[in-house]
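Spelled out, the chains give:
Protein chains: 2
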Amino acid sequence: MKDRAETSIEFWYDFASTYSYLTAMSIQDLAEAKGLHVCWRPFLLGPIFTAQGWKSSPFKIYKNKGDYMWRDMERCAALYNLPFKKLLHAFPQSGLLAARAALCLPQGNIRADFTRHIFTAEFAQGKNIADLDTIMEILTAMGQDTVDIIARTDSQVIKDQLYANTAEAKSKKIFGAPSFITADDELFWGHDRLGQALDWCAAKSSTTKNDHAK
Amino acid sequence: MKDRAETSIEFWYDFASTYSYLTAMSIQDLAEAKGLHVCWRPFLLGPIFTAQGWKSSPFKIYKNKGDYMWRDMERCAALYNLPFKKLLHAFPQSGLLAARAALCLPQGNIRADFTRHIFTAEFAQGKNIADLDTIMEILTAMGQDTVDIIARTDSQVIKDQLYANTAEAKSKKIFGAPSFITADDELFWGHDRLGQALDWCAAKSSTTKNDHAK
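Just so you know, the protein sequences line up as chains A and P, in that order. Going by this note's numbering, the first residue of the first sequence is number 1, and it counts up by one from there. Going by this note's numbering, the first residue of the second sequence is number 1001, and it counts up by one from there.
Extracted from the complex, chain A is given alone in its bound form (with noise of 0.2 angstroms):
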């Protein structure tokens, strides 16, 4: 159990945020290319924002720094190949829905493949994630049981636990989308900062594993 942790990075991110996508589309792949293993944690900005005192996205609130955040994932989207739209009037999308059901789903490859096709719905199809019809499809293309999904997401066990997760990412001062902590709870915050989150990771791994070895 131990030794999962310490190869292990925590994703943490909210499903209406922009750059949650480019993180969320690419970091399976380079955390096993350095032999970490992805936690995959929803959790709600909302709460947190309040808390600062800001009623919507800071997008919204902020209209330059709005501006430049379409302009800027557009760039990075198209260096990254990914396809992307901007909801510039459907923004910022409730990802309460979303995010109850991605904690329905076990954590590991059924919950990284459902984050990475509601994102895909949203950033690069511009549907309505808060939409059950859009949550329903992506459940039964991926063969899972949408009707009993669908129920548990109302239950008040995953509502606990989307409430819990955004208490924890609270308690661990995350302020913003996507964040990473790594196994000896070091924080990192942006898309920007993944690269230097896994290489954080791969470092404190390494030497564990050399401590072991001893």
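In case anyone wonders, no lab produced these hints; they're calculated from the structure. Heads up, some of the hints might be wrong.
Here chain A is said to cover these stretches of chain P; the calculated rule only asks that three of the stretch's residues, wherever they fall, bring their Cβ under 8 angstroms from a Cβ of chain A [unchecked claim]: (1) 1060-1073; (2) 1190-1197.
With a Cα cut of at most 20 angstroms, we get these calculated SDA-like pairs of lysine to any residue [claimed, not checked]: (3) A/K60 / P/T1050; (4) A/K172 / P/F1059; (5) P/K1060 / A/P58; (6) P/K1065 / A/T146; (7) A/K60 / P/I1061; (8) P/K1065 / A/R75; (9) P/K1170 / A/D72; (10) A/K172 / P/W1070; (11) P/K1170 / P/A1051; (12) A/K172 / P/D1185; (13) A/K170 / P/R1071; (14) P/K1065 / A/Q125; (15) P/K1063 / A/E74; (16) A/K172 / P/I1061; (17) P/K1204 / A/E74; (18) A/K65 / P/Y1019; (19) P/K1173 / A/D72; (20) P/K1065 / A/K204; (21) P/K1055 / P/G1066; (22) A/K63 / P/K1204; (23) P/K1173 / A/R75; (24) A/K204 / P/C1076; (25) P/K1065 / A/E74; (26) A/K170 / P/D1067; (27) A/K65 / P/D1185; (28) A/K65 / P/C1076; (29) A/K63 / P/E1186; (30) P/K1172 / A/T7; (31) A/K86 / A/Q125; (32) P/K1065 / A/K86; (33) A/K65 / P/R1071.
Ideal Cβ positions, reconstructed from N, Cα and C, are used throughout, including at glycine.
Since the structure of chain A is provided, determine the placement of chain P on it from the hints.
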């Protein structure tokens, strides 16, 4: 004149900005390696933050973001082999006098050197750059006419120039520092985008050269 602009990149910085320090120490070498010329554009973030409703740096207003920034700077500086001191109790410093002094110096290597010296005094040595002595020491060590320059920092011409720079930054939708503006008016924000901004300029500049050759 046109050809020069096509191979140049504007580097917009505020002397209080931590991430501008990282850029100031590396941009010239990186730009020259791509055949690009750096235009050093000091400005004041204060009026831009005020217009966004902020009374101080966002790193002071949002505590978790501020705590993170110092840790992130520490990690980045280590990665780039740059000395770095956390200015926990002296941040943000007023960069007004330093910015005015920079504008007294000619665009190019002299202003670049002065800029690097100021950022080094502030973030590597923990000195106060609002202090006249700090500025004078640097100018004198550079062999500049310190008395004349200090007198000029108080002249209307230089005050107007800094005001005009800040107004231009605002009109170009700059909302943070460091920022980069290319010859075709593409805006890039943050030290993390320095590489993309230089690649953008280099690509445009080689396209233009090819067009001219046709």
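Do the hints match the structure? See the list:
{"no.": "1", "hint": "1060-1073", "in the structure": "holds (count 7)"}
{"no.": "2", "hint": "1190-1197", "in the structure": "holds (count 4)"}
{"no.": "3", "hint": "A/K60 / P/T1050", "in the structure": "17 angstroms, holds"}
{"no.": "4", "hint": "A/K172 / P/F1059", "in the structure": "17 angstroms, holds"}
{"no.": "5", "hint": "P/K1060 / A/P58", "in the structure": "17 angstroms, holds"}
{"no.": "6", "hint": "P/K1065 / A/T146", "in the structure": "39 angstroms, violated"}
{"no.": "7", "hint": "A/K60 / P/I1061", "in the structure": "19 angstroms, holds"}
{"no.": "8", "hint": "P/K1065 / A/R75", "in the structure": "25 angstroms, violated"}
{"no.": "9", "hint": "P/K1170 / A/D72", "in the structure": "18 angstroms, holds"}
{"no.": "10", "hint": "A/K172 / P/W1070", "in the structure": "16 angstroms, holds"}
{"no.": "11", "hint": "P/K1170 / P/A1051", "in the structure": "10 angstroms, holds"}
{"no.": "12", "hint": "A/K172 / P/D1185", "in the structure": "39 angstroms, violated"}
{"no.": "13", "hint": "A/K170 / P/R1071", "in the structure": "17 angstroms, holds"}
{"no.": "14", "hint": "P/K1065 / A/Q125", "in the structure": "32 angstroms, violated"}
{"no.": "15", "hint": "P/K1063 / A/E74", "in the structure": "30 angstroms, violated"}
{"no.": "16", "hint": "A/K172 / P/I1061", "in the structure": "18 angstroms, holds"}
{"no.": "17", "hint": "P/K1204 / A/E74", "in the structure": "18 angstroms, holds"}
{"no.": "18", "hint": "A/K65 / P/Y1019", "in the structure": "17 angstroms, holds"}
{"no.": "19", "hint": "P/K1173 / A/D72", "in the structure": "14 angstroms, holds"}
{"no.": "20", "hint": "P/K1065 / A/K204", "in the structure": "25 angstroms, violated"}
{"no.": "21", "hint": "P/K1055 / P/G1066", "in the structure": "15 angstroms, holds"}
{"no.": "22", "hint": "A/K63 / P/K1204", "in the structure": "28 angstroms, violated"}
{"no.": "23", "hint": "P/K1173 / A/R75", "in the structure": "17 angstroms, holds"}
{"no.": "24", "hint": "A/K204 / P/C1076", "in the structure": "17 angstroms, holds"}
{"no.": "25", "hint": "P/K1065 / A/E74", "in the structure": "25 angstroms, violated"}
{"no.": "26", "hint": "A/K170 / P/D1067", "in the structure": "14 angstroms, holds"}
{"no.": "27", "hint": "A/K65 / P/D1185", "in the structure": "16 angstroms, holds"}
{"no.": "28", "hint": "A/K65 / P/C1076", "in the structure": "24 angstroms, violated"}
{"no.": "29", "hint": "A/K63 / P/E1186", "in the structure": "17 angstroms, holds"}
{"no.": "30", "hint": "P/K1172 / A/T7", "in the structure": "44 angstroms, violated"}
{"no.": "31", "hint": "A/K86 / A/Q125", "in the structure": "10 angstroms, holds"}
{"no.": "32", "hint": "P/K1065 / A/K86", "in the structure": "27 angstroms, violated"}
{"no.": "33", "hint": "A/K65 / P/R1071", "in the structure": "24 angstroms, violated"}
In this structure, the hints that do not hold are numbers 6, 8, 12, 14, 15, 20, 22, 25, 28, 30, 32 and 33, in rising order.
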